[in-house]
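Visitor: All chains should be modelled from the sequences, with the hints used to inform the complete structure.
Protein chains in written order, with UniProt numbering: chain A, 1 to 987; chain B, 1 to 173.
By construction, these hints were calculated from the structure, which means they are not laboratory data.
Hints may be right or wrong, so weigh each one.
[Said to hold, decoys possible] No more than 25 Å apart at the CA atoms, straight line, and that leaves these computed lysine to any residue pairs for SDA-like: (1) 765/A / 656/A; (2) 115/B / 467/A; (3) 802/A / 817/A; (4) 101/B / 221/A; (5) 585/A / 115/B; (6) 184/A / 598/A; (7) 698/A / 570/A; (8) 596/A / 31/B; (9) 303/A / 5/B; (10) 101/B / 189/A; (11) 60/B / 74/B; (12) 100/B / 212/A; (13) 788/A / 968/A; (14) 596/A / 143/B; (15) 873/A / 984/A; (16) 296/A / 269/A; (17) 101/B / 254/A; (18) 120/A / 8/B; (19) 102/A / 120/A; (20) 585/A / 652/A; (21) 115/B / 143/B; (22) 120/A / 546/A; (23) 14/B / 580/A; (24) 115/B / 541/A.
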Amino acid sequence: MINLFNERRLRPIYDCLDNGNSKKALQEADKLLKKHKDFQCAKVLKGLALLRLGQTSKAWNVLQEVQKEVPTDDCTLQAMAICYRELNRSDLIADAYENASKKDPTNEDLMVALFMAYVKIGNFKKQQQTALNLYKLKQKNSYYFWAIMSVYMQAITNPDKEMASKMLLSLAQKMCKKFIDEDKVESEAEVELYLMILEKQENFEEILKATDGPLARLLPNYLDFLRRRKAYLYLKTSRYQEAFETFRSLIDNNVDQLEYYQQLYEVAFKLEQLAINVHSSADQVPKNEDNPFIFKVIETISKYLYIKNESSSNGKQSSKKISHSKYRAPYIARIELYETLKARCENHPSYHSLLSTISVDSIKLYTQFFTLFGHKDASFFDFSYLFTKFNKPKADVCSIIDAIEVIHGPLLDKEPTTLNEMYRLLCFIKLNYFAGRYSSMEDFDKQKLIARLLDLYDHSIQFGVDLLPSDFQPPDPFVLVISYLLLNESNIKDNSKLLNLLIILERSLKKSPSNYNSKLALIKIYNAIGACGCSNQWFESMDIKHLQIDTLGYLISDALLLCGHFSTACKKITNASRFYCANYKDTFDFLVSFYKIGSFTKIEEIMKLKERLNLSINYSSVELDKMVLALILVTKSPDSFAQTMMTIDVDLDKIENGFDDRLDNRDVAIFRVLDNETSEQSEKNREKWFDDQLKWIKLRHLLLKTIVVGFCSLAKLELKDLNNAGSSEMINSNSIGAKFEESDFPSFTKNLEKLTAYYETLKTKPIYLEMFPLQGPQPSRINYYLQKDYFDIILKILNQLKVVHESSKEKAVSWDDSWLNILQSIINDISVSLKVSNSFFELGKVLNDLSFIVETICFAVILLGFINLSVKKDLQESKKNKKKRNLEVLANISGIVENFNNALNEMNTCLAFLLSTLDEMNLNHLINAPVDYDMFKSKGIFFQQPDVYHSTHKEITSKLEQSYKKTASQLHSTISMKMKYLNSLKL
Amino acid sequence: MTNIRPFRCEDLFKYNNINLDPWTETYGLSFYLQYIGHWPEYFQVVEAPNGQLVGYIMGKIEGTGESWRGHVTALSVDHVYRRLGIAAKLMRGLEEISEKKEAYFVDLFVRVSNKVAVDMYTRLGYSVYRRVIDYYIGDPDEDAYDMRKALSRDKLKKSIIPLPHPVRPEDLD
Numbered sequence: 001m002i003n004l005f006n007e008r009r010l011r012p013i014y015d016c017l018d019n020g021n022s023k024k025a026l027q028e029a030d031k032l033l034k035k036h037k038d039f040q041c042a043k044v045l046k047g048l049a050l051l052r053l054g055q056t057s058k059a060w061n062v063l064q065e066v067q068k069e070v071p072t073d074d075c076t077l078q079a080m081a082i083c084y085r086e087l088n089r090s091d092l093i094a095d096a097y098e099n100a101s102k103k104d105p106t107n108e109d110l111m112v113a114l115f116m117a118y119v120k121i122g123n124f125k126k127q128q129q130t131a132l133n134l135y136k137l138k139q140k141n142s143y144y145f146w147a148i149m150s151v152y153m154q155a156i157t158n159p160d161k162e163m164a165s166k167m168l169l170s171l172a173q174k175m176c177k178k179f180i181d182e183d184k185v186e187s188e189a190e191v192e193l194y195l196m197i198l199e200k201q202e203n204f205e206e207i208l209k210a211t212d213g214p215l216a217r218l219l220p221n222y223l224d225f226l227r228r229r230k231a232y233l234y235l236k237t238s239r240y241q242e243a244f245e246t247f248r249s250l251i252d253n254n255v256d257q258l259e260y261y262q263q264l265y266e267v268a269f270k271l272e273q274l275a276i277n278v279h280s281s282a283d284q285v286p287k288n289e290d291n292p293f294i295f296k297v298i299e300t301i302s303k304y305l306y307i308k309n310e311s312s313s314n315g316k317q318s319s320k321k322i323s324h325s326k327y328r329a330p331y332i333a334r335i336e337l338y339e340t341l342k343a344r345c346e347n348h349p350s351y352h353s354l355l356s357t358i359s360v361d362s363i364k365l366y367t368q369f370f371t372l373f374g375h376k377d378a379s380f381f382d383f384s385y386l387f388t389k390f391n392k393p394k395a396d397v398c399s400i401i402d403a404i405e406v407i408h409g410p411l412l413d414k415e416p417t418t419l420n421e422m423y424r425l426l427c428f429i430k431l432n433y434f435a436g437r438y439s440s441m442e443d444f445d446k447q448k449l450i451a452r453l454l455d456l457y458d459h460s461i462q463f464g465v466d467l468l469p470s471d472f473q474p475p476d477p478f479v480l481v482i483s484y485l486l487l488n489e490s491n492i493k494d495n496s497k498l499l500n501l502l503i504i505l506e507r508s509l510k511k512s513p514s515n516y517n518s519k520l521a522l523i524k525i526y527n528a529i530g531a532c533g534c535s536n537q538w539f540e541s542m543d544i545k546h547l548q549i550d551t552l553g554y555l556i557s558d559a560l561l562l563c564g565h566f567s568t569a570c571k572k573i574t575n576a577s578r579f580y581c582a583n584y585k586d587t588f589d590f591l592v593s594f595y596k597i598g599s600f601t602k603i604e605e606i607m608k609l610k611e612r613l614n615l616s617i618n619y620s621s622v623e624l625d626k627m628v629l630a631l632i633l634v635t636k637s638p639d640s641f642a643q644t645m646m647t648i649d650v651d652l653d654k655i656e657n658g659f660d661d662r663l664d665n666r667d668v669a670i671f672r673v674l675d676n677e678t679s680e681q682s683e684k685n686r687e688k689w690f691d692d693q694l695k696w697i698k699l700r701h702l703l704l705k706t707i708v709v710g711f712c713s714l715a716k717l718e719l720k721d722l723n724n725a726g727s728s729e730m731i732n733s734n735s736i737g738a739k740f741e742e743s744d745f746p747s748f749t750k751n752l753e754k755l756t757a758y759y760e761t762l763k764t765k766p767i768y769l770e771m772f773p774l775q776g777p778q779p780s781r782i783n784y785y786l787q788k789d790y791f792d793i794i795l796k797i798l799n800q801l802k803v804v805h806e807s808s809k810e811k812a813v814s815w816d817d818s819w820l821n822i823l824q825s826i827i828n829d830i831s832v833s834l835k836v837s838n839s840f841f842e843l844g845k846v847l848n849d850l851s852f853i854v855e856t857i858c859f860a861v862i863l864l865g866f867i868n869l870s871v872k873k874d875l876q877e878s879k880k881n882k883k884k885r886n887l888e889v890l891a892n893i894s895g896i897v898e899n900f901n902n903a904l905n906e907m908n909t910c911l912a913f914l915l916s917t918l919d920e921m922n923l924n925h926l927i928n929a930p931v932d933y934d935m936f937k938s939k940g941i942f943f944q945q946p947d948v949y950h951s952t953h954k955e956i957t958s959k960l961e962q963s964y965k966k967t968a969s970q971l972h973s974t975i976s977m978k979m980k981y982l983n984s985l986k987l
Numbered sequence: 001m002t003n004i005r006p007f008r009c010e011d012l013f014k015y016n017n018i019n020l021d022p023w024t025e026t027y028g029l030s031f032y033l034q035y036i037g038h039w040p041e042y043f044q045v046v047e048a049p050n051g052q053l054v055g056y057i058m059g060k061i062e063g064t065g066e067s068w069r070g071h072v073t074a075l076s077v078d079h080v081y082r083r084l085g086i087a088a089k090l091m092r093g094l095e096e097i098s099e100k101k102e103a104y105f106v107d108l109f110v111r112v113s114n115k116v117a118v119d120m121y122t123r124l125g126y127s128v129y130r131r132v133i134d135y136y137i138g139d140p141d142e143d144a145y146d147m148r149k150a151l152s153r154d155k156l157k158k159s160i161i162p163l164p165h166p167v168r169p170e171d172l173d
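Guide: If you want it as structure tokens, here you go:
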């Protein structure tokens, strides 16, 4: 163990490291090592300082030296663990502790640290051995159960489910049983682990026994969750009678838990089925009164439909008054039971009388639900849930809506006088939307409806007085419905309607600045018209962070890249990349702490969480985009390109692993969808996006890998150039540059072949551009990309590089310039489209094309740099050798040089034209176009005040202009930068 | 209707409709994991019939001696699912657990401007124990009320006797 004396000496080094002053830390460590050259911890801290200074190989040497000495003191080992962690070599932490533990086998702390080191690398087998050794050393329950948990982890991660997992689970179970029999089990965590094992073995009987036996004393029943668990165990063990009684009693304690009612009636059906089977075997026909269990369910539900108020407001005892229950669950359960019985009554005639016990018809049940709960904002979602669950035809939904109107009068025609009335009206409107009554309307009627909804919004603003900034305006859902009515292709393409919609949404946010529904709608609309400066403003206002980067980042990330806001995209992507890397490490720390506190039930969950983040398709996209953006924004010259390659921290091999296991973690349900058609189309778009995005990632990955391998194989020939870019010590162990030694030109050729073949398969891929419903996922970028031949430009240059590099130059080298024609033709197309686009939507599409062509130019310039590197090498070699044969070679090289320089000149002309196109981009005709603000003629209390209307309109067009100009200026500066790069390549 | 169940790690992928509320803090993953690991019984989530998450409560038990208490770290309900008594139900659940763990009281912090929440907690039997200056960091910073409700173990309700002066965050125990 380290003594206080040593700790005092090390303190200055620790302080410097903590303060981020690695240089000073290194000096302090050297100073100390001069006096005490064998001071292990000082050596490791020196290594850490070196590591943080980017001198990886020196740090590595220092660490290896100490590792050989097999340190056993805690401080040295902990410092080594930090170093290895920063080097992403957690396996070596385990090695260090393993050696130390061998040297000092009775040291409990060392062994605990060794166990945790195995946890971090997921070596469950060694975890098990270490935990058992620990238990031998000190008979603590925790060590024994660590061993059991380690066996359990081996079982659930074993690919051979049949053999190994059965054996391993049975071992884990026996280990637990031994402790139970010896009455050594002490804590809830230990019992839970035992139950977990039994659960995996599907040994539900044994779990029931355990939860009924002496172990139950250790299992608390918070919020009835233990009984809930038991109820499900009864189901799994087919003890339906017990399950029935348990769910019934669970309802008594939690009247509003719909789940209990659902289970209750399902169990009742099972019990009666069993009874029928018994009857059938005895050849008896069931009679109508043979439904005692279902009847009991009806009774249970009825019991909670009404509640008895026993005291009056003045606190005195008053007569018992029966009123409707405030809980929705019994009412929903009643409808569910009714619908289920109705669906099954064809085969069960006895259900008819049960149905009549519940209600005369289902319409009455729904209208009663509306009367009782229609004034709750959530009630519409209860209706839509029920309609969906029971596949209600639209006509039936319409009948329900009509019946509601018979009871409540023509709701849409009168202004609500209370908040409850307003919510009831909103529920009614949403039901109509769900039934498809609005989607089938003619344009004129739809406009009238929208005008009416606007008036209702204006009128209902009065219910939202004294609101806090975090509150939503109660009438906001009117705006949501309006936006959904307007969010279709033809309206988005019609500038006047589009601007009206933007004005409605933007104005509503002024009154309700926290309403994320309006923000989401705006984000999607601005994205659709290529104005991601505007969408990003709303995205930023939602303060999306941490795990939301994975689930909601999709709302903006693609759009920023598609409309050329590269710098903003880069910030977002860097941030996202940091999130994924940090979480990967954090989850390991939590695994360790969960073992320490015995939170065994959560270990598997954390492992899954870690895996889910690791396999997130967004993670791969982020990493690849990070690299592409570095190539776009940072590489100004061949040197800066080399430097980027050496330092960028993107692990292409990791991305390549498990392509097909990728997961889509996006939260699409964040959009409150009001009808099933929208959600079905949205789901279809989501699936398409996922398939396409995988293809996109594969294509990008193959391209980047080909570039990296090409660079590495060429750069190896020019190590001097590389040294200019940075010394080998600076190479981050994960960086692309670290792998340059492994690449040669044949492997570049192989990658290029793979890339070409893959691109060929994509050419037959149908382009999927369905962007509606806008309140859902958009098509993957690949669909926009494949619309033009951007990739052919890149492939042709890559092939030219191959030809030039592989040729012995003894014959004239063929030169293919056709990529220049493609480039020119795309740029011409874009230039024309930019001039003729007469809607914001069309402009947005042109901006997408512009961003892709600029990205393509960036790749092209880098690849031309490769050709430059290859030819330069040939030139140098041929100049050294003046033999006659080489004169021919020299002439052929000169031919390449001439072709190459000509191509650069032509490309330069193309880029200059592109710059002038951007300079001439004129948006006045769009920005200043008049807008028909009488379109949704309403009474005009709030929205249609002309001054408010005009100021909002102006605000929006000015935002749009700014965003478009930012796109133009970002693309302009990128092209200018690449032109300089291009000019530096001339031979 | 409110289906209430223990919070699971995977719920973090679908709680956005609750957390986009500006006063509901989205914490780093490690913060949630700490609660999931240490006090899983104090972390409940509420599901709508269609399976969407609509609210959650995250809390813990801490303190020593007479300050052994249940603490509400986060409580939030989706806007659409408000006015249904979900928050009250989650609070009652947390109190019930704290009773079983023999805590003396339950406490929580709330923005002084969050009138709706303060009123709700008051209705549920909570009272302001003290004001904490600039507890919420932001633009501008905002004070918090430290509100408490005595549980049955605190027979004399000593835990909720209000402090006469506000305190600073660094003085919190």
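Visitor: Against each hint, give a clear statement of whether it holds in the structure.
Guide: Now the hints, each set against the structure:
no.	hint	verdict
1	765/A / 656/A	holds (21 Å)
2	115/B / 467/A	holds (10 Å)
3	802/A / 817/A	holds (14 Å)
4	101/B / 221/A	holds (12 Å)
5	585/A / 115/B	violated (40 Å)
6	184/A / 598/A	holds (16 Å)
7	698/A / 570/A	holds (21 Å)
8	596/A / 31/B	holds (17 Å)
9	303/A / 5/B	holds (24 Å)
10	101/B / 189/A	holds (16 Å)
11	60/B / 74/B	holds (10 Å)
12	100/B / 212/A	holds (20 Å)
13	788/A / 968/A	holds (20 Å)
14	596/A / 143/B	violated (37 Å)
15	873/A / 984/A	holds (16 Å)
16	296/A / 269/A	holds (11 Å)
17	101/B / 254/A	holds (21 Å)
18	120/A / 8/B	holds (22 Å)
19	102/A / 120/A	holds (20 Å)
20	585/A / 652/A	holds (19 Å)
21	115/B / 143/B	holds (13 Å)
22	120/A / 546/A	holds (22 Å)
23	14/B / 580/A	holds (18 Å)
24	115/B / 541/A	holds (23 Å)
Hints 5, 14 from the earlier list are contradicted by this structure; the remaining hints agree with it.
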